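Student: All chains, full assembly: derive it from the sequences and hints.
Top to bottom, those sequences are chains G and L. In terms of my numbering, the first sequence is residues 1 to 395. In terms of my numbering, the second sequence is residues 1 to 69.
Simulated from the structure, these hints should not be mistaken for lab results. Remember, it's a predicted structure, so these values are computed and weren't measured experimentally. Just to be clear, a hint being listed does not mean it is correct.
The calculated lysine to aspartate or glutamate pairs, modelled on EDC-like cross-linking and capped at a C-alpha distance of 16 Å, are [said to hold, decoys possible]:
(1) 17/G - 85/G
(2) 164/G - 178/G
(3) 363/G - 329/G
(4) 164/G - 61/L
(5) 363/G - 63/G
(6) 251/G - 15/L
(7) 240/G - 270/G
(8) 16/L - 39/L
(9) 363/G - 37/G
(10) 251/G - 29/L
(11) 65/L - 29/L
(12) 164/G - 14/L
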Amino acid sequence: MVAAAAEAARTALDECKNPTVALVFATHNYPVGELREAAQAVASALPKGVRVVGGTVNGLIYDGARYDALFANRRAVAVVLFGGDELKAGVGFAPSPMGHPIETGKDLAKQVQEQLGVRATGGILLGTGLAAGATPCDQGLLDGIRSVNPRLRLSGTGLSGGMKVTGLIEPGFAFTPDRVEELGCVLVCFAGNVDMGFATANGMQAVGTGGFVTDAEGVMIKEIDGRRAADAILDLLAPKDDMASRALFEKNPMIMSIERGITLAAADPEGDFYWCHMPVIFTPEGYALDYFSARKGMALSVVKIDPAACMQAIGQAVTMLKEDAGSEEFDTVIAFSCSLRGFTLGTEVAGEETELRRHLKVKHQLGIVANGEIGCYRHGRPFYTGWVYALFGLA
Amino acid sequence: MGRKLDQLILFVREEKGPFFMARLCLRLDFDLSPGAVADSPERETAIIEACKGLGYEVNPERLAKRRPA
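Tutor: Structure, rendered in structure tokens:
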């Protein structure tokens, strides 16, 4: 990993001669013990003073190849350099935000602001994602960041340490040449004379009657339409005439939702887009864990994702990205593609980058196989969400 | 605990990745974490059959190469 990281840094330097920040992504199947040394190797390969930060992710998509650690156990490391005369970049780094995400978000934003000397207009957040389990942090991080810089737009992903046999995500690692932090967070923000674009799409389509959340607390949906959430969700999502599948749904609604390409989601008031509210597990009380905290009174639709709609989402995201940045051409685009899209698309997932380039003229492109995404829909503010294709672009 | 079984589990994990293991685990009534359960031919068969049900055939020759004689 160390040699690969150094090689990636040298290659990136050929195309960005005056970097200020290096963002390193490593698939989670490298030994954690090598992360610091890899960051040090990146720093050594770059001009002195370049800030090096990174994190572990589910996979990388680059130059037509997909290095997916979650679905295929492949490994890769990527280095993205930001710099040049027109772009100012600042970095925030924090240890685990568990228990105090808003404070951590504020801290990250203040670190960035102090380095930049001005308010950043856009950036990338690497948070805890789904690894935070039943105490999600990333929306709290966003709330904290926004309390310091209310108009900051962000895309990003949760960092990942792999997947347990239950389907739950292992904690990821954020790192610098000096520190490796389990569940650590990274904020990279930009200011200057550049146009930035943000976009989110997923291809979810409503397919049937859903229900209203009639009782919820935090991440737990307790009731839907006045019924125990587990019972209501099973009736909405599981096949009625296949008791074996229904039993599997009851045992692990998240894995079965992914397998069947069906889940619950809330319609965005502005457009043809659904925010995912997938039931992750059912508790003994019959509650449903929803990482994205459906609120009491929220209307949830039954939505499906099929391979065709999943792929079309890339074109939708690109259209949004161009509108958002006010540009047809981009220097750099980073795509945060939910790892679940890999299951939906199957072998076609290898074509995500080709599909992006079919719609977009871009010099440098990197895809991240994501774990709980940060995304902005139609010029809106960033939200913590899932099962989406979120883009960040520098024009 | 479960040395032969662990080798099979690790083999499948390396071949198919963690998400496949989660799908596999859902279809079995024992824990697939390494070291969690003792060796048994029934469990080994259950894993191989569940893999088959999910469209993946365990290759016995490749598996044998991972296992010490």
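Student: Checking against the hints above, which ones are violated?
Tutor: Per hint list: 2, 4, 6, 7, 8, 9, 11 violated.
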